[in-house]
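Asker: Given these sequences and hints, build the entire structure.
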Amino acid sequence: MSYDIPNLVPAFPEMIVFSLGTLVLLVHAFLGQRRPIITYGAVQLIILMSAVFTLSFINEPTMLTFDNMFILDKFAVILKLFIELAVFLCFFYSRVYLADNNMPRGEYYILGLFAMLGMMVLVSSHHFLTLYLGIELMSLPVYAMVAMKRESGIAAEAAMKYFIIGAMASGMLLYGISMIYGATNNLEFSTVATAIANTAPDQKLILIFGLVFIMVGIAFKLGAVPFHMWLPDVYQGAPNAVTLFIASAPKIAALGMVVRLLVEAMPSLQIQWQQDLIAIAILSMALGNFAAIVQANIKRMLAYSSIAHMGYMILGVIAANNQGYAASTFYIVTYSLMTLGSFGLLVLMSRAGYEVENISDFKGLNTRNPWLAFLMLIMMFSMAGVPPLVGFWAKVGVLKALVQVDLVWLAALALLFAIVGAYYYIRVVKVMYFEEPDSEQRYIISNDMQLALTINGLSVLVLGLFPGWLFELCKSAF
Amino acid sequence: MINLPVLVFYSFASLLVLSSAMVIISRNPVRGALFLVLAFFASSVLWMLLEAEFLALALIFVYVGAVMTLFLFVVMMLDLDLVPSREGFVRYLPFGILVMVLFVAVMIVVVTPEHFKLGSLGAVPAHPEGYSNVKEIGEILYTQYFYPFELASILLLTAIIAAITLTFRGRQHSRSQRIDKQLAANKADRMYLVDPKESQ
Numbered sequence: 001m002s003y004d005i006p007n008l009v010p011a012f013p014e015m016i017v018f019s020l021g022t023l024v025l026l027v028h029a030f031l032g033q034r035r036p037i038i039t040y041g042a043v044q045l046i047i048l049m050s051a052v053f054t055l056s057f058i059n060e061p062t063m064l065t066f067d068n069m070f071i072l073d074k075f076a077v078i079l080k081l082f083i084e085l086a087v088f089l090c091f092f093y094s095r096v097y098l099a100d101n102n103m104p105r106g107e108y109y110i111l112g113l114f115a116m117l118g119m120m121v122l123v124s125s126h127h128f129l130t131l132y133l134g135i136e137l138m139s140l141p142v143y144a145m146v147a148m149k150r151e152s153g154i155a156a157e158a159a160m161k162y163f164i165i166g167a168m169a170s171g172m173l174l175y176g177i178s179m180i181y182g183a184t185n186n187l188e189f190s191t192v193a194t195a196i197a198n199t200a201p202d203q204k205l206i207l208i209f210g211l212v213f214i215m216v217g218i219a220f221k222l223g224a225v226p227f228h229m230w231l232p233d234v235y236q237g238a239p240n241a242v243t244l245f246i247a248s249a250p251k252i253a254a255l256g257m258v259v260r261l262l263v264e265a266m267p268s269l270q271i272q273w274q275q276d277l278i279a280i281a282i283l284s285m286a287l288g289n290f291a292a293i294v295q296a297n298i299k300r301m302l303a304y305s306s307i308a309h310m311g312y313m314i315l316g317v318i319a320a321n322n323q324g325y326a327a328s329t330f331y332i333v334t335y336s337l338m339t340l341g342s343f344g345l346l347v348l349m350s351r352a353g354y355e356v357e358n359i360s361d362f363k364g365l366n367t368r369n370p371w372l373a374f375l376m377l378i379m380m381f382s383m384a385g386v387p388p389l390v391g392f393w394a395k396v397g398v399l400k401a402l403v404q405v406d407l408v409w410l411a412a413l414a415l416l417f418a419i420v421g422a423y424y425y426i427r428v429v430k431v432m433y434f435e436e437p438d439s440e441q442r443y444i445i446s447n448d449m450q451l452a453l454t455i456n457g458l459s460v461l462v463l464g465l466f467p468g469w470l471f472e473l474c475k476s477a478f
Numbered sequence: 001m002i003n004l005p006v007l008v009f010y011s012f013a014s015l016l017v018l019s020s021a022m023v024i025i026s027r028n029p030v031r032g033a034l035f036l037v038l039a040f041f042a043s044s045v046l047w048m049l050l051e052a053e054f055l056a057l058a059l060i061f062v063y064v065g066a067v068m069t070l071f072l073f074v075v076m077m078l079d080l081d082l083v084p085s086r087e088g089f090v091r092y093l094p095f096g097i098l099v100m101v102l103f104v105a106v107m108i109v110v111v112t113p114e115h116f117k118l119g120s121l122g123a124v125p126a127h128p129e130g131y132s133n134v135k136e137i138g139e140i141l142y143t144q145y146f147y148p149f150e151l152a153s154i155l156l157l158t159a160i161i162a163a164i165t166l167t168f169r170g171r172q173h174s175r176s177q178r179i180d181k182q183l184a185a186n187k188a189d190r191m192y193l194v195d196p197k198e199s200q
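Chains A and B, in that order, are what the protein sequence lines are.
Going letter by letter, the first sequence gives residues 1 to 478 in this note's numbering.
Going letter by letter, the second sequence gives residues 1 to 200 in this note's numbering.
Take the hints with a grain of salt, since some may be wrong.
What the hints assert, rightly or not - Here are the simulated distance ranges between beta carbons:
1. Leu55(B) x Leu461(A): 53 to 63 Å
2. Arg27(B) x Met49(A): 52 to 62 Å
3. Ser56(A) x Phe89(B): 53 to 63 Å
To be clear, the hints were calculated from the coordinates, so they are not data collected in a lab.
Using N, Cα and C, we set each Cβ at its ideal position, and we do this for glycine too.
Answerer: What follows is the structure, given as C-alpha cells:
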C-alpha cells in the first residue's frame, strides 16, 4: 500500500508545543524541582515560539492536511494566536502566586501547556475525531489543575464536580456524534456537511436528534445555561491561578468548537441549531446577570458574569452570517482580555494563605493602591459595556449582527439584561472608590507584574478607542 | 428468517442491555463491576459477528483483563459507605423516570433502521482468504488515522502527568537549608514551655 507523508507544515505550532513540551517535562523532572524558574522560562519560550509560527501563517490560504483531519484557516490562526496570548499572560501572572501557595509549579505550567495544545487541536479540527480528542486534551489537564492545591477541600470538591459533569458532557457529545455518523457514514466536516445538505427533509430526524446531544456538549464547554451548574463552584473552589486559566483561553477554544461543529459540519441544520442557541443565549444572559447580583464572592460573581457573557457571545453565531461570526470572534477575544485582567488582579493581590476572593477585599482599594483600583475599574466598565472601552464595541458588534437579520426582539432583550448586568459591575467600582478600607496596608506587587497588568488594562482601553483593526482581522476570517 | 447469526445477535444484544441495566441497578458495587464485565463480553461477541475479531479480543483483554480487574481491586479495597449515595433516591426517582420515559420514547421514534438508511449499506462484505484483521487496522491506524492516534497518545501522557501531580508529594530526603522557611518561622512554631512541676 502506498502512502504519502502528509504536509506537516500547517501543524508546526502544535508540533513545537508537543515536542518541546515533552523535553521540558524531562528537564523539569531532573532540574525543575529545585529551580522551577527553568521550567517557567522554557514553557513561556515554547509558547512564544509557537505564537511566532502561528503568526507566520496569517496570510496563507486555507490548508488541509492529515487526510483532511486538520485545517489551518484564518479563523484557526486568529483563535490560536489569542489562545497563546492568554496562556502566556496567565502563566506570567501566576508565577509568584504558585510559589507563595506552595503549589506544584512545574506541573502547573506543563499541564497548562498540554491543555493549550488541546485547544489548538480543537480550533484546527476538521474531523469529529480530532475535535473530540482536542476537547479531551484541553479538559483533562484542567481537571487536575483544579485539584492541585492538595490541602484545600473545596478545590478537591470543585475538581470532582468538574470531572464528573465533564465526563457526562463528553458522553453526550459522543452519542450525538455517533448519530451523525450513523446518518451520514462520515466524520469529516465538509463531507458531513454535503451529506446533510443532500438529505431529504423528512429524513433529517436522526440528524436533529444527534444535534441536540452535540448541543449539550457545546453548552457544557461554554458554561451556558442550562449546563452551567459546575461553573460557579469550579471558579470559586479552584485556586485563583487556575481560575484565571479556566476563565480565559478555554473560552476562546469553545468558540472554535461551536463554529467548527455548527457552521462547518452542520450548516444545513441552521434552523434547528439557531432555535437551540436562542434558548441557550436568553437563559444564559438572564440567569447569569441576575444570579451575579447576589454574590458576595467576586470569583463567583465573575463566574455568573462569564455565563452571561457566553450568552452574548452566542448571539453572533445566532445571526448565522459572516458578520455575526466575526462579531462573536471579536467578542470572545476581547472578553478573554478582560477576564485575564480581572482574574489576574485577583491572582496578584493574593498572598500565601490569603486568597483575595470577596468583594469586600476590594474595599477602599483606591486609597490603598489607586492604580490597581483604576485598572479594575477599566475591566469592570468594559465588561459592563461602557462606551470608550472595548466591551462596548463587542456588544455593539453582536447586537448589530442580530438587528441585521431581523432579530430585533432578541437584541432588545440582550440590551435589557446588559443593563441589569451593569449593576453588579458598578458595585465593585463603588466598593473600591467610596468605601473605607479595613486596613491602610498596600498590596505589594512586583514591577514586571504591574507592568503586564497595566498593558493588559490599557489594551482594553486602547482597543476601545481603536477597535477597527481587530474588527477587520476578525471579519477577514470568514 | 431466523438463522444462527441473527439468533446470536439478539441473544447477546439483549444480554448486553440487561447487564448494562444491572450495572446501574445493583446495590453492591462489586456485583455492578462484574455485570460491567458481562456487558463488555456481550459487546465483544457483537463485534465478533461483524468479523472484527481483533477488536473483539482487544476488548476482552484490555477491558475485562486489565481495566475491570483493577477496578474490582479498587472497589474491594475501599471501605465504601453506600448509605449516603442512596439518600434522596426516592425524591429524585419521579424526575428520573420522567426523563427516562421521554428519552426512550424519542429513541423509539427516531433511532430506527429506516432513518439510518441501512438498506443502502447492505451486508458486511465477505473477506478474501488470508485477510488479516490486525494488519488492516494497523495499516489504517498508522497512515490515515496517524494524527488522531498521536493525539490519543498525548492524551495518555497528560493523564500520567496529571495523576502523578495529584499523588506525588515530593521526596523528603534533601537536608538543604530552606532560608525562606527559617525566616518565616516564629517563636510559637519552634518553642513550647513546659512547667517542670506539672510534668513530674
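Asker: With reference to the structure, classify each hint as holding or not holding.
Answerer: Going through the hints against the structure:
1. Leu55(B) x Leu461(A): 53 to 63 Å: 58 Å, holds
2. Arg27(B) x Met49(A): 52 to 62 Å: 55 Å, holds
3. Ser56(A) x Phe89(B): 53 to 63 Å: Given a distance of about 58 Å, which is inside 53 to 63 Å, the answer is holds.
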